[in-house]
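Visitor: Chain by chain, the residues run as shown.
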Amino acid sequence: MSVKVIIPGPLRQYTGKSDSVVVKGQTVEEVLRNLTSEYGELRKQLYGEDGKLRSFVNIYRNEEDVRFLQQEKTAVTESDVVSIVPSIAGGSGLPPLETWGG
Amino acid sequence: MVASDSGMSFELYQKDKERIEQHGAETYPHECIGILLGREQSDCRAVMEVFPIENAWNKAEANPYEAGPEDSTRNRSLVDPKDYLRAEHEARKRGMDIVGFYHSHPDHPARPSEFDRRNAWPWYSYVILAVENGVPREMTAWVLSEDRSRFLPEPIRIK
Numbered sequence: 001m002s003v004k005v006i007i008p009g010p011l012r013q014y015t016g017k018s019d020s021v022v023v024k025g026q027t028v029e030e031v032l033r034n035l036t037s038e039y040g041e042l043r044k045q046l047y048g049e050d051g052k053l054r055s056f057v058n059i060y061r062n063e064e065d066v067r068f069l070q071q072e073k074t075a076v077t078e079s080d081v082v083s084i085v086p087s088i089a090g091g092s093g094l095p096p097l098e099t100w101g102g
Numbered sequence: 001m002v003a004s005d006s007g008m009s010f011e012l013y014q015k016d017k018e019r020i021e022q023h024g025a026e027t028y029p030h031e032c033i034g035i036l037l038g039r040e041q042s043d044c045r046a047v048m049e050v051f052p053i054e055n056a057w058n059k060a061e062a063n064p065y066e067a068g069p070e071d072s073t074r075n076r077s078l079v080d081p082k083d084y085l086r087a088e089h090e091a092r093k094r095g096m097d098i099v100g101f102y103h104s105h106p107d108h109p110a111r112p113s114e115f116d117r118r119n120a121w122p123w124y125s126y127v128i129l130a131v132e133n134g135v136p137r138e139m140t141a142w143v144l145s146e147d148r149s150r151f152l153p154e155p156i157r158i159k
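Protein chains in written order, with this note's numbering: chain A, 1 to 102; chain B, 1 to 159.
Hint data in this document are derived by calculation from the structure and do not stem from the laboratory.
We treat Cβ as the ideally placed atom computed from N, Cα and C, and that holds for glycine.
Check the hints yourself; a few may be wrong.
Listed next, the in silico SDA-like pairs over lysine to any residue satisfying Cα-Cα at most 20 Å (straight line) [unchecked claim]:
{"#": "1", "chain 1": "B", "residue 1": "Lys59", "chain 2": "A", "residue 2": "Asp65"}
{"#": "2", "chain 1": "A", "residue 1": "Lys17", "chain 2": "B", "residue 2": "His89"}
{"#": "3", "chain 1": "A", "residue 1": "Lys73", "chain 2": "A", "residue 2": "Val22"}
{"#": "4", "chain 1": "A", "residue 1": "Lys17", "chain 2": "B", "residue 2": "Ala46"}
{"#": "5", "chain 1": "B", "residue 1": "Lys93", "chain 2": "A", "residue 2": "Ile84"}
{"#": "6", "chain 1": "B", "residue 1": "Lys82", "chain 2": "A", "residue 2": "Phe56"}
{"#": "7", "chain 1": "B", "residue 1": "Lys93", "chain 2": "A", "residue 2": "Val81"}
{"#": "8", "chain 1": "A", "residue 1": "Lys4", "chain 2": "B", "residue 2": "Gly95"}
{"#": "9", "chain 1": "A", "residue 1": "Lys17", "chain 2": "B", "residue 2": "Met96"}
{"#": "10", "chain 1": "A", "residue 1": "Lys52", "chain 2": "B", "residue 2": "Pro155"}
{"#": "11", "chain 1": "B", "residue 1": "Lys82", "chain 2": "A", "residue 2": "Val81"}
{"#": "12", "chain 1": "B", "residue 1": "Lys59", "chain 2": "A", "residue 2": "Arg67"}
{"#": "13", "chain 1": "A", "residue 1": "Lys17", "chain 2": "B", "residue 2": "Arg137"}
{"#": "14", "chain 1": "B", "residue 1": "Lys15", "chain 2": "B", "residue 2": "Met139"}
{"#": "15", "chain 1": "A", "residue 1": "Lys44", "chain 2": "B", "residue 2": "Asn119"}
{"#": "16", "chain 1": "A", "residue 1": "Lys4", "chain 2": "B", "residue 2": "Glu90"}
{"#": "17", "chain 1": "B", "residue 1": "Lys82", "chain 2": "A", "residue 2": "Gly16"}
{"#": "18", "chain 1": "B", "residue 1": "Lys82", "chain 2": "A", "residue 2": "Arg67"}
{"#": "19", "chain 1": "A", "residue 1": "Lys4", "chain 2": "B", "residue 2": "Ser42"}
{"#": "20", "chain 1": "B", "residue 1": "Lys93", "chain 2": "B", "residue 2": "Met48"}
{"#": "21", "chain 1": "B", "residue 1": "Lys82", "chain 2": "A", "residue 2": "Pro10"}
{"#": "22", "chain 1": "B", "residue 1": "Lys82", "chain 2": "A", "residue 2": "Lys44"}
{"#": "23", "chain 1": "B", "residue 1": "Lys93", "chain 2": "A", "residue 2": "Gly9"}
{"#": "24", "chain 1": "B", "residue 1": "Lys82", "chain 2": "A", "residue 2": "Ser20"}
{"#": "25", "chain 1": "A", "residue 1": "Lys17", "chain 2": "B", "residue 2": "Arg39"}
{"#": "26", "chain 1": "B", "residue 1": "Lys82", "chain 2": "A", "residue 2": "Ser87"}
{"#": "27", "chain 1": "A", "residue 1": "Lys17", "chain 2": "A", "residue 2": "Arg43"}
{"#": "28", "chain 1": "B", "residue 1": "Lys82", "chain 2": "A", "residue 2": "Arg43"}
{"#": "29", "chain 1": "B", "residue 1": "Lys93", "chain 2": "A", "residue 2": "Ser20"}
Non-contacting residues of chain B with respect to chain A, defined by C-beta distances greater than 10 Å in every case (computed) [as the list claims (entries may be wrong)]:
{"#": "30", "residue": "Glu11"}
{"#": "31", "residue": "Lys17"}
{"#": "32", "residue": "Gln41"}
{"#": "33", "residue": "Glu49"}
{"#": "34", "residue": "Phe51"}
{"#": "35", "residue": "Ala60"}
{"#": "36", "residue": "Lys93"}
{"#": "37", "residue": "Pro155"}
Part of the chain B face toward chain A, derived, beta carbon under 10 Å [as the list claims (entries may be wrong)]:
{"#": "38", "residue": "Tyr13"}
{"#": "39", "residue": "Ile35"}
{"#": "40", "residue": "Asp97"}
Using the sequences and the hints, build the whole thing.
Guide: And the structure:
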C-alpha cells in the first residue's frame, strides 16, 4: 500500500526538493521507515539518538496527531495523507520590562 | 545587499505588513503569531498572504517545550500544529507554500532571542515585530543559517 507523505520546506533538501513523496507502508512506522531508508539524511532530522521521533516533529495522519492515535503503530490506507509538521515557537524569552530598551 | 544577509530578498505587501502590526497591537502585552504563505523564486521569497492564528503556548497538548517559571504568552509564542496543517492545505490549494512565520516581541526589540534561534528551522523566514506599549515599531525578517548557529537578516521589501 502506498501513502503520500507531505514534506515541510526545511526538510525538502533531503528529499531531492520534493514537497511530497509516495512511500509504501501499512502503519506510520512502516511509512517513516521506508521514507528514511529512501532518503537517509531525513532520519536524523526526524529521530533522536534514542531512536524515538523527536518531540519537535509532529506526525499527522490526515487531521490527527498520531500521538493521540496509536502513535507509530497507527494504521494508514491509500486514501490517507501523512504530514510531517515541524513545531514552531518563538518569543523574546525575557520577562516584561518596565521600560523599553529599544 | 550586505555580505552577511541571507542573499534572498523578502517581499511583503503593505497590507500584510499592516495586518501583522494590527495583530501585534491587538494581542499586546501578549505575543502574537502567524503563518506566512507565499511563493519562492530563485532569489526572491514573496509573501502573498498572512494567516494570523492564536498563540498556542498555553495549550498543553500542542506544546512540546519546557516552560520556565517566567514563561507565558507575554514572552513565548507557539503555532498549534492543527493551524499549521490548515494553513498548509490553504497554501497548496492556491499553489502557494508555507514560507515562514511571524511573531511579536512585546516591549522588546525586533531581534531574535536565543529561544528563537534554538527552536527555529532553516529555510523558513521568521518575521519579528517589536511592539512598544501597544504600538507596533520595527519589523525585521530572518532566516536561520544551515548549521543553525545564527540568524541571517533578510531585508524586507514592501510592495
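Visitor: Does each hint hold? Answer for all of them.
Guide: Right, here's what the structure says about each hint:
1. Lys59(B) <-> Asp65(A): Holds, because 14 Å separates the two Cα atoms, which is no more than 20 Å.
2. Lys17(A) <-> His89(B): 19 Å, holds
3. Lys73(A) <-> Val22(A): 19 Å, holds
4. Lys17(A) <-> Ala46(B): Roughly 19 Å separates the two Cα atoms, so the pair holds.
5. Lys93(B) <-> Ile84(A): 18 Å, holds
6. Lys82(B) <-> Phe56(A): 14 Å, holds
7. Lys93(B) <-> Val81(A): 15 Å, holds
8. Lys4(A) <-> Gly95(B): Roughly 18 Å separates the two Cα atoms, so the pair holds.
9. Lys17(A) <-> Met96(B): Holds, because 15 Å separates the two Cα atoms, which is no more than 20 Å.
10. Lys52(A) <-> Pro155(B): Given pair Lys52(A), Pro155(B) is violated - Cα atoms ~38 Å apart, limit 20 Å.
11. Lys82(B) <-> Val81(A): 14 Å, holds
12. Lys59(B) <-> Arg67(A): Roughly 15 Å between the alpha carbons, so the hint for Lys59(B) and Arg67(A) holds.
13. Lys17(A) <-> Arg137(B): 36 Å, violated
14. Lys15(B) <-> Met139(B): 14 Å, holds
15. Lys44(A) <-> Asn119(B): Cα-Cα ~16 Å, so holds.
16. Lys4(A) <-> Glu90(B): 18 Å, holds
17. Lys82(B) <-> Gly16(A): Not OK: Lys82(B) and Gly16(A) at ~26 Å, beyond 20 Å, violated.
18. Lys82(B) <-> Arg67(A): Holds - the C-alpha atoms of Arg67(A) and Lys82(B) are around 13 Å apart, at most 20 Å.
19. Lys4(A) <-> Ser42(B): 27 Å, violated
20. Lys93(B) <-> Met48(B): Roughly 13 Å separates the two Cα atoms, so the pair holds.
21. Lys82(B) <-> Pro10(A): Since the Cα atoms of Lys82(B) and Pro10(A) sit roughly 18 Å apart, the hinted pair holds (cutoff 20 Å).
22. Lys82(B) <-> Lys44(A): 24 Å, violated
23. Lys93(B) <-> Gly9(A): 16 Å, holds
24. Lys82(B) <-> Ser20(A): Judged against 20 Å, a Cα distance of about 19 Å means the pair holds.
25. Lys17(A) <-> Arg39(B): OK: Lys17(A) and Arg39(B) at ~15 Å, within 20 Å.
26. Lys82(B) <-> Ser87(A): Distance of about 11 Å is within 20 Å: holds.
27. Lys17(A) <-> Arg43(A): 16 Å, holds
28. Lys82(B) <-> Arg43(A): 24 Å, violated
29. Lys93(B) <-> Ser20(A): Roughly 14 Å separates the two Cα atoms, so the pair holds.
30. Glu11: 17 Å, holds
31. Lys17: 18 Å, holds
32. Gln41: 14 Å, holds
33. Glu49: 16 Å, holds
34. Phe51: 12 Å, holds
35. Ala60: Ala60(B) is indeed farther than 10 Å from all Cβ atoms of chain A, at 13 Å.
36. Lys93: 13 Å, holds
37. Pro155: 20 Å, holds
38. Tyr13: For Tyr13(B), the interface hint is violated, since the closest Cβ of chain A sits about 20 Å away, which is over 10 Å.
39. Ile35: At about 8 Å, which falls below the 10 Å cut-off, the nearest Cβ of chain A leaves the hint on Ile35(B) intact, so it holds.
40. Asp97: Cβ of Asp97(B) sits 6 Å from chain A, so the hint holds.
In this structure, the hints that do not hold are numbers 10, 13, 17, 19, 22, 28, 38, in rising order.
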